[in-house]
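*Asks:* Order-wise, the sequence lines are chains A and B. Position 9, counted from 1, in the first sequence is what this note's numbering calls 82; the numbers after and before it change by one each time, with no gaps. Position 267, counted from 1, in the second sequence is what this note's numbering calls 247; the numbers after and before it change by one each time, with no gaps.
It is worth saying that the hints were derived from the structure and are not from the lab. Some hints could be false.
[Claimed, not checked] Which bits of chain B does chain A cover? Going by a derived footprint, with three or more residues having C-beta under 8 Å, they are:
| # | stretch |
| --- | --- |
| 1 | 263 to 272 |
| 2 | 454 to 464 |
[Said to hold, decoys possible] Below, simulated DSS-like cross-link-like pairs (lysine-lysine); rule was C-alpha separation at most 27 Å, straight line:
| # | chain 1 | residue 1 | chain 2 | residue 2 |
| --- | --- | --- | --- | --- |
| 3 | B | Lys348 | A | Lys94 |
| 4 | B | Lys291 | B | Lys479 |
| 5 | A | Lys94 | B | Lys342 |
| 6 | B | Lys133 | B | Lys166 |
| 7 | B | Lys133 | B | Lys234 |
| 8 | B | Lys458 | B | Lys444 |
| 9 | A | Lys94 | B | Lys333 |
| 10 | B | Lys234 | B | Lys182 |
| 11 | B | Lys133 | B | Lys173 |
Where a beta carbon is used, it is the ideal one built from N, C-alpha and C, also for glycine.
Listed here are the chains, written in short residue letters.
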Amino acid sequence: MDQARILVVDDERDYNETIVKRLRRRGFEAETALSGPEALELLSAKSFDVALLDIMMPGMDGIEVLRELKKRTPEVEVILLTGHASVESGVLGMSIGANSYLLKPVDFDELLAAIGQAYERKRLSGSGS
Amino acid sequence: MKTLDFKRLRLSIIVFTVGFSLLPLLVLGIGIKQRFSSAYQDALRGNLRTLVESKRNAIDLFLNERLSQVTTLASALSFEESSDQPALERIFALMQSSTRYYIDIGVIGMDGYHMAYAGPYNLEGLNYKNEEWFAKVTSKGVYISDVFLGFRKVPHIIIAVLRREGNRSWIVRATIDSDIFESFVKRVQMGRKGDAFLLNDKQVLQTNPRFGGHAMEDMELPFRVEGRFQGVRVQELTVSHRSYLYGWTWLENKDWMLVIREDPEDELRPLFEAEYLVWLLLAGGVAVIIAGTVIVTNSMVRRLEKAEREKAELDANLTQSGKMAALGKMAAGVAHEINNPLAIIREQAGWIKDLLEEDEVKAVPQFKEIYDSVHRIEHHVERAKTVTHRMLGFARRMEPSLHEVDFNKLLGETVQFLKTEALLRNIDVRLTLGENLPPTKSDPTQLQQVFLNLIDNAIDAIGKNGQITLTTRYHADKNELAAVFTDTGCGISPETLDKIFDPFFTTKKPGEGTGLGLAIAFGIIEKLGGRITVTSTLGKGTTFTVYVPAV
Chain A
74 MDQARILVVD
84 DERDYNETIV
94 KRLRRRGFEA
104 ETALSGPEAL
114 ELLSAKSFDV
124 ALLDIMMPGM
134 DGIEVLRELK
144 KRTPEVEVIL
154 LTGHASVESG
164 VLGMSIGANS
174 YLLKPVDFDE
184 LLAAIGQAYE
194 RKRLSGSGS
Chain B
-19 MKTLDFKRLR
-9 LSIIVFTVGF
1 SLLPLLVLGI
11 GIKQRFSSAY
21 QDALRGNLRT
31 LVESKRNAID
41 LFLNERLSQV
51 TTLASALSFE
61 ESSDQPALER
71 IFALMQSSTR
81 YYIDIGVIGM
91 DGYHMAYAGP
101 YNLEGLNYKN
111 EEWFAKVTSK
121 GVYISDVFLG
131 FRKVPHIIIA
141 VLRREGNRSW
151 IVRATIDSDI
161 FESFVKRVQM
171 GRKGDAFLLN
181 DKQVLQTNPR
191 FGGHAMEDME
201 LPFRVEGRFQ
211 GVRVQELTVS
221 HRSYLYGWTW
231 LENKDWMLVI
241 REDPEDELRP
251 LFEAEYLVWL
261 LLAGGVAVII
271 AGTVIVTNSM
281 VRRLEKAERE
291 KAELDANLTQ
301 SGKMAALGKM
311 AAGVAHEINN
321 PLAIIREQAG
331 WIKDLLEEDE
341 VKAVPQFKEI
351 YDSVHRIEHH
361 VERAKTVTHR
371 MLGFARRMEP
381 SLHEVDFNKL
391 LGETVQFLKT
401 EALLRNIDVR
411 LTLGENLPPT
421 KSDPTQLQQV
431 FLNLIDNAID
441 AIGKNGQITL
451 TTRYHADKNE
461 LAAVFTDTGC
471 GISPETLDKI
481 FDPFFTTKKP
491 GEGTGLGLAI
501 AFGIIEKLGG
511 RITVTSTLGK
521 GTTFTVYVPA
531 V
């Protein structure tokens, strides 16, 4: 399998769906989840390589989802996305195990690069283990 | 905030202090002066009373002695002896040997002619029968006359005594030079305006006063005399706008009144001199108090003013910091709310762009229009993003990571970024770097951001052709480093200067500036424990100074 399998988690449906469409168009296997619990459900049902995780979400926020995700499926790489420049949450996310941290609105090429890097890392660590 | 009116404060402190210190001093001064002067006046009146009494006693004594002498003479001589001319002359010579008061002595018969006469004048054939004194002595037995001229036309008084022996009567009469009284009163005429004289009961002068009249003339007195009285009267009276002290009394043996006038100004001269000294001392005291009060008040008010100014500066700083914090939170909230829709817009545009790559779509006649439109959407989303990201940068409340920073090196590096821009605009950038500056513990990226913002602003202020001077120095007294950014640009008006650090305040055209550069710089420097100051002259240029604590 050459292309990464991606889960996009964001409470904004319009954002979510567009990103997924654009990713699929570029050959990625992509799914959407509109909340933390939904994302965790999907992750347990299906395997993914990279998760794009919005930090600010109603109910369960991105950091909580990240913690849970790292417990259940630590092999999935996470890219944090936020509209809020809370560097603390970014640093916190990285310390919990996020791969990178991007500020919305993010440049699509930048996003692709981040995904590429995360997928690369996953593959390296996967082959190493 | 209400600022104190220091001019008024200063004035009221001075007025109250001087007033309260001078009031007791003046009361004391005036009180002492009045007590002193009234005591002195009392003493003056007492002196005058004593003087009048003693003079009266002397004149009374004199008249008494003369009267008893003449009475003795009259009673000692028999009728025959009295009419004996040589005997009378002998007796007269005897009397003159001890005293020189008498002018002559005569013995006059009841017919009015001299029976005998001893004296320097030739009075042969004169008849006294119709003279006033003759009638008086005949009826009363003893008579002392007022001063009169008589036959000889020389002012004198006479003492006459009637003697009876059996059925014969005669009169012994002595003449006394009235100058003798003059000499009595002359001795008491003191000072420049003092006077002393004798008057009879009809206020006819008996001696020559120094001022206003001659003997035997009427005298105008400034006080009313109503009959005889006992003792001495003393009163202060005003004569032709001048105040005098008068003392007067009646003689005991004669219906004459002794009047002594004193000029209090002469008498009070020592008092005036003392008073003058008191006023001088008082004026000195007043001057010292006023000078002291003014000096103390000035320094006090200056200190107050300084304290007030420092407080105002502190308040302004606190206000600015408070404003920053509140705006920071708001900016972060707003930025976040806008970032999410921006992200969606961008992705929608991105999706359209993706679709535009399809061949069928490329065949649509409006393809070019759609393509341009999507590009513009992307472009303006990008523009909005820079605004929201800068807002978030401003709001960022993270602890700066502190490193030891070489101020000069950092400034030098920062200048390199903008060197090309400055060169293009013909702006001369001069560096005047202080030597041996101690390092500062600071966040180099953030500090560089501040320097960049300030230099960027300076370039914008100049536009074209000008000079930017960058200076660094070390203030040992406060242990702080200063970086001074001076430009020869358009300058900033005082009203604008107040708002210059406020977020979103900008003088640039829409789209060119966010109005956050200086607000961010202010926030960064504040967090680094420093401060930014600005001075500007419209049309001449602006100077920003960044202070940060040295290690």
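*Asks:* Now, for every hint given, state plainly whether the structure supports it.
*Replies:* Here is how each hint holds up against the structure:
Closer than 8 Å: that is the beta-carbon criterion, and the stretch 263 to 272 of chain B has 0 residues meeting it against chain A, so the requirement of 3 is violated. Interface restraint, the stretch 454 to 464 of chain B with chain A: violated (0 residues with C-beta to C-beta distance below 8 Å; minimum three). For the given pair, Lys348 (chain B) sits about 23 Å from Lys94 (chain A) by alpha-carbon distance, which is consistent with the 27 Å threshold. For a cut-off of 27 Å, the pair hint linking Lys291 (chain B) to Lys479 (chain B) stands: about 20 Å separates their Cα positions.
Proximity of Lys94 (chain A) to Lys342 (chain B) is assessed by CA-CA distance (about 20 Å); at most 27 Å being required, the pair is judged to hold. Proposed proximity of Lys133 (chain B) and Lys166 (chain B) is supported: the alpha carbons are some 23 Å apart, at most 27 Å. Taken as a hint, the Lys133 (chain B) and Lys234 (chain B) pair is honoured in the structure, with Cα atoms around 23 Å apart against an allowance of 27 Å. This hinted pair does not check out: Lys458 (chain B) and Lys444 (chain B) have alpha carbons roughly 37 Å apart, beyond 27 Å.
Distance check on the hinted pair: Lys94 (chain A) and Lys333 (chain B) sit about 12 Å apart at the alpha-carbon level, within 27 Å; holds. Only pairs whose Cα atoms come within 27 Å are accepted, and Lys234 (chain B) paired with Lys182 (chain B) is accepted, the gap being roughly 13 Å. With a C-alpha separation of about 31 Å, the suggested pairing of Lys133 (chain B) with Lys173 (chain B) is violated against the 27 Å cut-off.
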